[in-house]
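**Q** Listed below, chain by chain, are the residues.
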Amino acid sequence: MPFRFFPSRLRQLFRAALLLGLPFALWQLWQANREGDGSHDLWRATYDPIHFAPAILQARDEDCLVCHREVLLDRVREKSPAGLPAQARRAAYQEVSTYAGEQETFHRRHLVTPLARELMDLRCNTCHVGHEPRDEAPGTSATAIRQGSLRKQVDVESTCLKCHGRLNPEQMGLPGPWPEVKAAFGDSCLSCHASIRSVRHRVNYLKAEAIEAAAAKDSEICHGCHGGRAWYRLSYPYPRHPWPGSESSLPAWAKDRATESEARFLPPPTVDRESRQKP
Amino acid sequence: MARNRKIDHDELKAALERKLRQTEQAARPARQLGFVHHNVDCIGCRACEIACKDKNGLPPGPRFRRVLPIEGGRFPDVYAYKINMACNHCAEPACLPTCPTGAIWKRGDNGVVDIDSSLCIGCRKCEAACPYGAPQWDPQEWVVKKCNMCIDELEAGRKPYCVMACMMRVLDIGPIEDLWQGRWPTTAVGPGEKPVRQVRHMANPELTGPSIAFVAHRKGRVDER
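Same order as they appear, the protein sequences are chains A and B.
FYI, the numbering for the first sequence is 1 to 279, going by this note's numbering.
FYI, the numbering for the second sequence is 280 to 504, going by this note's numbering.
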């Protein structure tokens, strides 16, 4: 019996350590189990119906933000790692008068900044329409829910391009690219668009009346989204809503265009009746 | 990234002015480099991914290069192949004009779209704008990072780590126009194979003009736009 050789004080200490250690070990086991449950919760959340159609298309932002609240809480760094203060620099598109406020993250700039609240009504599911978690490349599993683009959970061509596409001077009938000819038009989109394509922005993710009112005050507001600097080389093929005084014959390039926005972006009928001008 | 280095503010200001001039308009390089990948012969070992993460010291999460397994079909007409993509070093990158601090620019010599993450403030606009998912968020450093084609290796006359790690020799770099035309000698393209600019599921190359060439699987082909 090895303990017999130890002094009794040491034996008592050993017993005390055992008594304290046992609950600690049990607590650690409980913790480990709890963490196990945590990863189970992650899988359960990943496959929650809200991530799939049709539930995702009916989800409210509050439902998404229960788990993804960081998209609105996260802020930019105060300084870059090299010590550049976040507010010290602005890109060209941030120099237009309507681009107010401090540097913000992508999601906050589109959802909660004052200009976003004034002119837009973007929802999480305006862009995020769900994806199959087992697909690294969308549309490749038997249960795939959409055809999207590789490596992205949002399809740029059907979302971002709607506002951040290139202006198309050929189709607009401009003598050259807008940055080169804008002086001749008083640098105002409304010099033409007061009468041409005047029925616009009639979708549930934009506030059409607020946009018109803001543009009437300051034509630079248009550049807040369109063409201050286009992100992409393509132009979005907007649906061709008729406008008051529009010609009945369509130009060749508009022949295959949709005449109405996608069904899920159509504004509620009551709003539509009030706001839509009759051609 | 050196965290405790003393900052020379004059040097920083001069560097920023230089960068911002470069970001106003994407450079038109004399010779645009791009990646080429053989979708069929790639075995999906992900050695390229790991070599990239190792070289760039990336934590769990961000992956500059990603091997994407594509599987499908019905018996007996089943198929499996890989698409392998990092940054495509586009002719007109969407990430570049979104950057408020001028951290992203396109190199005039080889067309590499480079990023100086030490100037990044973490607004994540470039990440959203890229149609190909190239800019990667590093949640530990709170900055965006991306593939710069191992520019230090290129300048030393070597190829990027991902290319050097490819045991099947199905990933390579070269002047992209020559690669598209099949004029560039590379192990990634077999005899009689014609590289294409787009494969199924890849975002429309007309958006930004990505410098990427693939040898496509028969099920991954799309009509060239």
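Bear in mind the hints are in silico, worked out from the structure with no lab data behind them.
Here the structure is a predicted model, which means the values were calculated and not measured.
The C-beta atom is built at its ideal place from N, Cα and C for all residues, glycine as well.
Among the hints, erroneous ones may be present.
[To be verified] Footprint (simulated), chain A over chain B, 3 or more residues, beta carbon under 8 Å:
#, region
1, 374–382
2, 424–431
[As the list claims (entries may be wrong)] In silico negatives: residues of chain B with every beta carbon more than 12 Å from chain A:
#, residue
3, Ala-330
4, Asp-356
5, Ala-365
6, Leu-398
7, Gln-460
**Q** For each hint, tell me whether it holds in the structure or not.
**A** Right, here's what the structure says about each hint:
| no. | hint | in the structure |
| --- | --- | --- |
| 1 | 374–382 | holds (count 7) |
| 2 | 424–431 | violated (count 0) |
| 3 | Ala-330 | holds (19 Å) |
| 4 | Asp-356 | holds (14 Å) |
| 5 | Ala-365 | violated (10 Å) |
| 6 | Leu-398 | violated (5 Å) |
| 7 | Gln-460 | holds (22 Å) |
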